[in-house]
Every structure is written in C-alpha cells, then in structure tokens.
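J.: Can you build the whole structure from these sequences, using the hints too?
Each protein sequence line maps, in turn, to chains A and B.
Residue numbers 884 to 1328, in the numbering used here, belong to the letters of the first sequence in order.
Residue numbers 884 to 1328, in the numbering used here, belong to the letters of the second sequence in order.
Don't read these hints as lab results, they were simulated from the structure.
Not one of these hints is a red herring.
Copies of the same chain are indistinguishable here, so a pair counts whether it falls within one copy or spans any two.
Here are the simulated lysine to any residue pairs, SDA-like style, with alpha carbons at most 25 Å apart:
#1 Lys1264 with Pro979
#2 Lys952 with Ser889
#3 Lys1294 with Phe1323
#4 Lys1267 with Gly1013
#5 Lys1142 with Ala1251
#6 Lys903 with Cys990
#7 Lys1267 with Ala1015
There are 2 protein chains.
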Amino acid sequence: MSRFESLPGFRAFYPEERAKLSHILEVWRQACRRYSFREWEGPVLEPLELFTAKSGDEIVRQLFNFTDKGERLVTLRPEMTPSLARMVGARANGLPKPIRWFSIGECFRYEKQQKGRLRSFYQLNADLLGEAGPAADAEIMALCADCLLGFGLARESFAIRLSDRTLWFRVLAALGVSEELAPAVLTAVDKLERATDAELIAMIKEALAGANADPVRILSEARRLAAVRSFTDLEAALSKDEGVQARLAEWRELLSLLKNLGVADLVRVDLGIVRGLAYYTGFVFEAFDAQGDQRALAGGGRYDGLIEKLGGPALPAVGFGMGDVTVANLLEDRGLVPAYADGPDFYVAILGADARPAALSDISILRAGGMRVDYNLRDGKFPKLMQAAETAGSKFALIYGGDEIANGVVKVRDLTTRTEATIPRTDIIPALRAVLSEGFSAIQP
Amino acid sequence: MSRFESLPGFRAFYPEERAKLSHILEVWRQACRRYSFREWEGPVLEPLELFTAKSGDEIVRQLFNFTDKGERLVTLRPEMTPSLARMVGARANGLPKPIRWFSIGECFRYEKQQKGRLRSFYQLNADLLGEAGPAADAEIMALCADCLLGFGLARESFAIRLSDRTLWFRVLAALGVSEELAPAVLTAVDKLERATDAELIAMIKEALAGANADPVRILSEARRLAAVRSFTDLEAALSKDEGVQARLAEWRELLSLLKNLGVADLVRVDLGIVRGLAYYTGFVFEAFDAQGDQRALAGGGRYDGLIEKLGGPALPAVGFGMGDVTVANLLEDRGLVPAYADGPDFYVAILGADARPAALSDISILRAGGMRVDYNLRDGKFPKLMQAAETAGSKFALIYGGDEIANGVVKVRDLTTRTEATIPRTDIIPALRAVLSEGFSAIQP
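T.: What follows is the structure, given as structure tokens:
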C-alpha cells in the first residue's frame, strides 16, 4: 500500500510482535536483576576504531559503518563489549568490584541478506568483571541458564556446552605449541566437524609457522578431546602434564559451584566448542537447543585480556550474549509465546452525548487508579460498541447510558458470558478492582 | 583512562543514570497503557526518502544520513511518525479504528554541538488515528498531561498551551489569505516574539506572493490574537465570520471534553503557538514548564493529511511527542528523581569455603523465588563482607558461617540497625518474604 519500504533486514514491530519482544526483554531483565546485575547502556553509534581495535580490520566488511558529517569514521555497534570496556575503563577506580552489569541493546551487522538473517537485532549482554576465579564463571553460566529458564523452557529442552581455552592452551603446550601460536591452531579445532583431515592438517601446519610440533599428532589429540562428553572421560583422556592437571582442579571447582547453584544438570562437557573469537581466555560456553536443531542460543566465556586491550584497566572478565531472534524462534517452536492480553481492563461504552461527561469523568478516575481504559470517541449503538470492546481485547464493558447516569449507576458487562451487574458510580474503584482481582462474580448480584 | 572516546552528543548510561532513564520510560509506558494505547516499534535506520518526502530536502542537513554498502541512501531516524505512517498504511484495512498506538524509541539528529544538545535521545510518540473529531484531540492532550503527572509533578508546575491552525486558517481566509498561502504566513506568526514589525511585515508580504491582502492588517490581527489568554477573550476577539464561528463551536466541544477528562485546569489558550511544522492541520499544543524557564516539554497536534502524503490511506490523526532529556532536566530541577534502590534484596556473606555449597544452594532457591541476591564470589572476613553488602546497596545481609550451617540456620542482619535474627534454613523463603514486605521486625525474636 505504501510506496516506501523499510530497509532489508530491519524489523517493524506491530503491537502483537512488540508484545512478544517486550516479553523477551522483560524475562532477561528480571533474571539479571535476581542476580543483582545492574543495567547500563552505551551509544548505538560508536567510533569505528573501537571495534577494529578489538577484532581487526576484517570486521569492517560486516559493519554498518560510514563517515559522518564531521568526517569521523563511525559505525552502528555490532556488539556492546567494547563500549562496556570503555565505560568501565573511564571509571575503573571508582567502581566497586566485582562489577555485575547487564545491558539490552540493539546491535547491527551488515551481512549478505538471507532468509531469517537480520541486520538489526536485540542482544542481552551480562558481564561480571573483577573476579578471576571460577566462582565468576559459575555465576555467569547460572545466569545464562536462568535467562532461558525464565521463559518456562523445560530443563531438558536446552543445555550448555562447556569448554575451556586454557585447557586447550595447556594441552597444546604439552604438544610443543606456544601460547602465541595456540589461538591459530584453535581456529582449526573450531572446524573439526566441517573440514577433512587433509585440510585440517594443512591449517594446523600453517598455524604452527615452522614451529617444532607435529600437526598429525595435534589433530589426533584434538579429535580425541573434542569427542569427550563427560568430566570423568576428560580426566581419563588427559596427560599427567602439570599445567593440565592444575587446570583440571579448576574444572572440579567450577563443576562443584555449578552443582551448588543448581544448574549442573544443564551443563555438558564439550571441548569441541572453542568459540572462534581470539579474545576468549578461559572457560567458554554455548547454550543450545537440545531438542530441536541444536542451534546456539547464547554464548560466552572468560576474556581476561580484553578490557585492557580496549584501553581499560587490567580486569578479569567473564560474560555472555544472547539474541532475541533465536530465543523468539525457540519460544515459537515450543509453544511458549504467552498469549498477550494487552487490551484494556475495561471498555467504556458511552451511549449518547448526555452520558459522555459522566463517563469521561469516571474514565479519568479509573485511569488515575491505574486501570487501563478504552472507550468510544464517537457515539455508537450498543451492538457496535460491544463489538469494539471485544476487538480492543477487553473482557469487560462498562455501560454508560442515560438511564444509568440518572440512577447514579454503571452497568458492568462480562463480555465472555454476556452477563451484567449494576454498581453505584460512587463505588466504581473498589468494585472494579474486585472484578479485576476476583473476576466478575465479585459484583454479581 | 581509555584512549577511546564516545562520539560527541551520544550518551553512555552508567547504572545510576540508566535507572533514571528506566523510570522515565516506565512512567510513559504505564500512562500510555492506562489510555489503552499499544506499543509498536519501527526500525532505527530508514530510507532517507521516507523523511525527505515529509519534510523536504532541507531536513537532510540535520540528519545522520549516509550511503550504505548496498548503495542505499539511508538515515538514522530523526523521528518516528513516517515509520508509523508506513506501518499503518501497509495494514490499513486490517487494523481496527481508531488506532491507539505509542512507541518509545531512540531518535537522532546531526546538529551543531552545543551544551546539552544531544545527537541521540529517546522520544515517546503517542498517536490516535482514525478519528477526526475533537474527542481524539482531547484524549491525546489528556494522555500528554498524564505522561507528565505520572512523574509526580504538581499540577501548577506545568501547563499545556492550546492553539489551532484551523482557526488561524479561517481568520486568515477572512483577511483574504488563501489556505494555500496560509502556512507561510503562519511561519511569520511563529516569530512574533522574536522579530521586529518591519521584519514580520516583510515576511508576510513575501508569504502572500502578490495576493490581495494587507500585511499590516494581518500582522495587527495576528498580534491581537496571539495575546489572547482565555477562551472568553478569544470569542470576543474574533469576527462573526461563519467559518470562524463554526470552528469556535469545535473549541467549545474540545474544552468541554478536556474538562470532563479532568485536565482543563492544565490548558491555556495561546494562539501564539502555531508549531512550525507545516503538516499540522488543526488543534496544536505544547506542554511547558510553567514554574521554571517556560521550556517546552512536549508538543503535538492534529496532522490529518500526513499519513496519506507518506503513502498511507487518508486517515485523520493526532499525536504528540515528548523527549527524555527535557523531562530528565525538569525532574532534576523539581527534586522528583526517585532514589533508586536497584541494589539486591539480600547480600549473602559466605564465611569460609565450607559454607559455600549450602549458601549457593540457598541463593539459587531465593532467586528462583524472585528475590534479588548478591554474594561474595571469594572468601572474605566479616567486616569486609558487611562493607561489600552496603556498597552493593543491600539493606540486609544473610550470614552463612560454619556454625550456622552446622545448626541448619542462617543469620539475617539488618545493615541499618546492625541487629541480627536467626531463622531456620528450611524457612528461608517465607521468612525472607516477610522481611521484604513487613521489614526486619517480622523475624525479630
């Protein structure tokens, strides 16, 4: 109908869809508040350099970047962590540690248009800064779980894969791979399921850059570890190397904390997850749909060096991100989208101009009392107004006609059962509060 | 501390500031819901043409516009009305009328940097579409008032100036100015207080473009009308012209509806307000700070032709916009920024590693019960933990030490009075719910 279109990959939320989005944002917010995380918010537009500093120049082709009228290289943010790093850095000394912060914001990426791939989406980020031990990792993983459980998802419907880049570093060190070369080798590990052995060996060889280590052995070790699915098997699969064993002690601590926090049943050991991003430094995890197509729902981990790299203080950090689109699809699949009653509490049907002054006066009283009230702006006949009341999503109509006004009463109609009751106008607030809390029977004669 | 800066005119909200912003957004949202308005949301990035179609090419220099990687001319939205028009247009036949919609969104403008002038801000827009009569104008003005009253502002602290472009058109018509030329003449009226008579007459002359009307008489009439401050004076000041008198009947209806809705005391007649934007077609209004510097807090009016101009159906419309920045400043000035208790309900002080498993288990129970709980991730001594509890903003600490665990109890400490009470761990949910609702005395021995 319109000659204008919205841009590809951008969503317009009609009220029904906005109500679903509100539900998602609210469940996230409430979960974060229960964990005593405080909300922060950064700018949607940022200097381009803030992101190239973290991710290198390659990221630019995925960004909504441009030159502004002041000749600044700017970009719509693709993520919120660099803004977090800057804000924490600017007040690092004044902020009590550990810092428990979350943010819910729109993020943008410019990528090839595909079905379901959006260029704008909402993301929750929750981060815990200032604590290096596994207690912080456990807290963040438990919060991630609660951000999903809050939607009413069954415990068996999703799980959290747990892996550990520190452990990989130690394993690779024992195989002769330095910490410097390890991230590039892990990039190959990230492709274990998608590449052939020949391709993987070539990648590992390139990553080793001439270092004295055996690509074939590295690959076979990587395959062996990535296949492990329990901590007992992990302990059995690993060497007695001191660095490796020290890290296993931290695993035991983390798993015990997760058990205490009541989420151990949701956690699966899976070293195949290495999280592509080079800045993760320790435990990493990915929540995924365990009943459907295994899609990732959230991801996170420890990133101890990043805040400093982005200009902040040296501050250990762990966090996760979760997007609204995958969550919305999951809730849809599982039938967990709540039916929204975003209609009014009462629809006031005004029958005739004479009744209008009294009706409007009562409407303003009801609204001041916190009730949601719709009414007909234009006079109309009774059946048409009852239709409008139902269309608006109201369960009850209040009928203001000449007779009612003359008798100082208002008729309350239950639109489902079509029964009616009469209440004095002087009693309107307590009577209608009772209807809302106890149902129509509260005022039935 | 950081080598990165955020862009000029963009805000970063630390948790204290985000809590204030949340308060503003929430008061707006609740007021709109009481009026049975439903929330919608449009894209932050839009085709440039969507705005030039409404406001002409001059608007471009105030926009954050750029060419995206698909060679599209795009812009960060400066306002939300064109997106509303497109969305309503696309589903015009399926949407029940009247349409009561609101949106709260970030808007952007690229303007010269000045103190307090932001390039990004939040705006509330509430619009009522599909009803041409004054009942819709009254409803929107009442909602605008309630969006301010919801902050706890005293009724005498702000007011809404009411004017009428239709009335101006009729008055100007009686002076020989056609409807086509009238908007340009009103642009001069908008400057009555800032320009000299000579300047104004020159502007009116130019606006008349050779039409047979007297600029001096127009200016003197305009000055006379703009000085009127009551409806009685307005009636007295106006000619017996039929068009003018017919419009006065609509004024009587609007004022009577505003009285019924309980907001007439907030409305001031002030024909000096014409709202610069050419697309307003009827009643226009501006809420302003009546005790301070008279700054505008919100503005709106009827814009019956705009939806169609923007590609939608012919649909009468009235709405208003309100920004977060002026509201925040006003609340600050009036001492109406609520003190935020965004700290946890309870801070759990874990004394020693042995107490941790039981403490974490209880923490997960309390959080599942909806309570907000913080705790020490790392062991610490009692005084330091009590300090951390206070810093976190908690009123109560729960103390988990070896003795408490051994006895199956937890110590609850009121951090204000430093008194303590002991409760059995099995009772923790009901006991702590009682503390939250009734205060510490609920569990005092």
